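Student: Here's the letter readout for the chains.
Number of protein chains: 2
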Amino acid sequence: MPIEILLLEQHTSQRYNLELENVLNKVMTMGGLVEKQVGDGVRALLEANSELGELVSTADYRVNLLEVEIDEECTQILARRQPAASDLRLVVTIIKTITDLERIGDEAEKIGRFAVSLATAKSLPVYYTDLRHLGDHVTSMLHDALDAFARMDVDAAIATAAKDLQIDKEFESLSRLLITHMMEDPRQVKNVIKVNWCARSLERIGDHAKNVCEYVIYMVKGKNVRHTSLDQMQKLST
Amino acid sequence: MPIEILLLEQHTSQRYNLELENVLNKVMTMGGLVEKQVGDGVRALLEANSELGELVSTADYRVNLLEVEIDEECTQILARRQPAASDLRLVVTIIKTITDLERIGDEAEKIGRFAVSLATAKSLPVYYTDLRHLGDHVTSMLHDALDAFARMDVDAAIATAAKDLQIDKEFESLSRLLITHMMEDPRQVKNVIKVNWCARSLERIGDHAKNVCEYVIYMVKGKNVRHTSLDQMQKLST
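Here the protein sequences line up with chains A and B, keeping their order. For the record, in the first sequence the residue sitting at position 39 is 38 according to numbering that gives the first Met the number 0, with numbers rising by one throughout. For the record, in the second sequence the residue sitting at position 17 is 16 according to numbering that gives the first Met the number 0, with numbers rising by one throughout.
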């Protein structure tokens, strides 16, 4: 994913510029990794592919390593460059974003683990359609959030953040469906609960993607929109 | 909770000192609030007290307001004071800590909501003993984590972080118990699932408390211990 941080001003120090670009590149790499982890996790789950699930459940360390690395570089930039204004907001934005990316990685890891243990379940039940829809919407929301971050695009961030509501609704509806299934066929409780945890993880990934969108808005507009309504957020649209 | 940040050096600027103390006081207030929210949430659940549950589920906005306020003050300190060394670590630690405190608040809010909807369930089932134990351990872990933060006590932070393992085990065991219940009495699935979400929220609160402990270690030792094993962490003990 190419970095087109429109707001990144040219600094008198080329080296400083390089440092910021370098750390941003790593955030993009980390974003790409978690996006792949989530996509693979969902695919492993839907295709009952235990090999892929195993891969997802063991690859999270790469995301974790990047988190620690980026975190350290950000603190060093703060200490040595003492950034101000939009540079400072950028560094704070990165520190926050990688926390959410790391947690998305954690959720993907969980989905991978459940995919392994669910792979032996004989049939692909009807609710897999709903799960597939939820998975599709969450992975596309995550992709859009990372894209909004890469382009520091406020409008895209606002539009993407708004998708979280739909995902919450889909999760609630799938949860109700799963409860009905469990009541009708109690022998399936153990497996269906696992599907429910996966759905929950997807819903949480939507929350984290929304957080990333909010950081983009903070970065560009200098306004903290955490805990503000969608209406208020949309007023910041260009 | 009195603030005894041992590492807080006297600055030439009294005003700068006051700013740091002021923001630390707010973190303590925020910590006190989420601690109360979690305690009340668990109590509402166990005592089937829908009034208290309602209170918990609507009081989270105070935690959110504090998060935004503290976050803003930290960014201002970074911009105006350009802190270095342990002061910089302190500000970064605060920025990270309040994110976890805010999420603990979110989990408490969820527990409050479930407490309301579970309050009408007629009997207090046997698994409430396990849930009570889990609730007790998580609230005490959270208390210890906030205490370690207030005193910037590395040893206490390491000891508290270690408790997360026990909490994870208790959650797993409770989850298995709940699954058995659902299989035996499918009519109870709807309610038991809610209890399972509450247990999950408690387990997540344990994770967040552990994060706070890790930030304390980072603050004092200057070493990022995220994603390192307990053994390695314990080597940092004094």
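Simulated from the structure, these hints should not be mistaken for lab results. These numbers were taken from a predicted model, which means no experiment stands behind them. One or more hints might be untrue.
Intra- or inter-copy, both count: the list cannot distinguish identical chains.
Said to hold, decoys possible - Think about it this way: if two alpha-carbon atoms lie no more than 25 Å apart in a straight line, the pair counts; the simulated SDA-like pairs of lysine to any residue are:
(1) K220 / V67
(2) K35 / K220
(3) K162 / T119
(4) K162 / V115
(5) K25 / D167
(6) K109 / D230
(7) K168 / E20
(8) K162 / R80
(9) K222 / Q233
Student: Indicate which option fits the pair K222, Q233 if close means a Cα-Cα distance not exceeding 25 Å: within, between, both or neither.
Tutor: within (13 Å within a copy, 40 Å between copies)
Student: Is it within, between, both, or neither for K109 and D230, if the alpha carbons may be no more than 25 Å apart?
Tutor: Answer is between; shortest inter-copy Cα gap is 24 Å, intra-copy 34 Å.
Student: Between K220 and V67, at a C-alpha cutoff of 25 Å, which is it: within one copy, between copies, both, or neither?
Tutor: Classified as between: cross-chain Cα gap 15 Å, same-chain 27 Å, threshold 25 Å.
Student: Within a copy, between copies, both or neither: which one fits K35 and K220 at a CA-CA cutoff of 25 Å?
Tutor: Close neither inside one copy (30 Å) nor across copies (34 Å); limit 25 Å.
Student: Within a copy, between copies, both or neither: which one fits K162 and V115 at a CA-CA cutoff of 25 Å?
Tutor: neither (29 Å within a copy, 28 Å between copies)
Student: Can you tell me if K162 and R80 fall within 25 Å by alpha carbon in one copy, between copies, both or neither?
Tutor: Close neither inside one copy (37 Å) nor across copies (38 Å); limit 25 Å.
Student: If the cut is 25 Å between Cα atoms, do K168 and E20 qualify within a copy, between copies, both or neither?
Tutor: neither (38 Å within a copy, 43 Å between copies)
Student: Could you place K25 and D167 in one of the four classes (within, between, both, neither) given a Cα distance threshold of 25 Å?
Tutor: Classified as neither: same-chain Cα gap 30 Å, cross-chain 32 Å, threshold 25 Å.
Student: Give the relationship of K162 and T119 under a CA distance limit of 25 Å: within one copy only, between copies only, both, or neither.
Tutor: The answer is neither: 33 Å in one copy and 34 Å across copies each exceed 25 Å.
Of the numbered hints listed earlier, those contradicted by the structure are 2, 3, 4, 5, 7 and 8.
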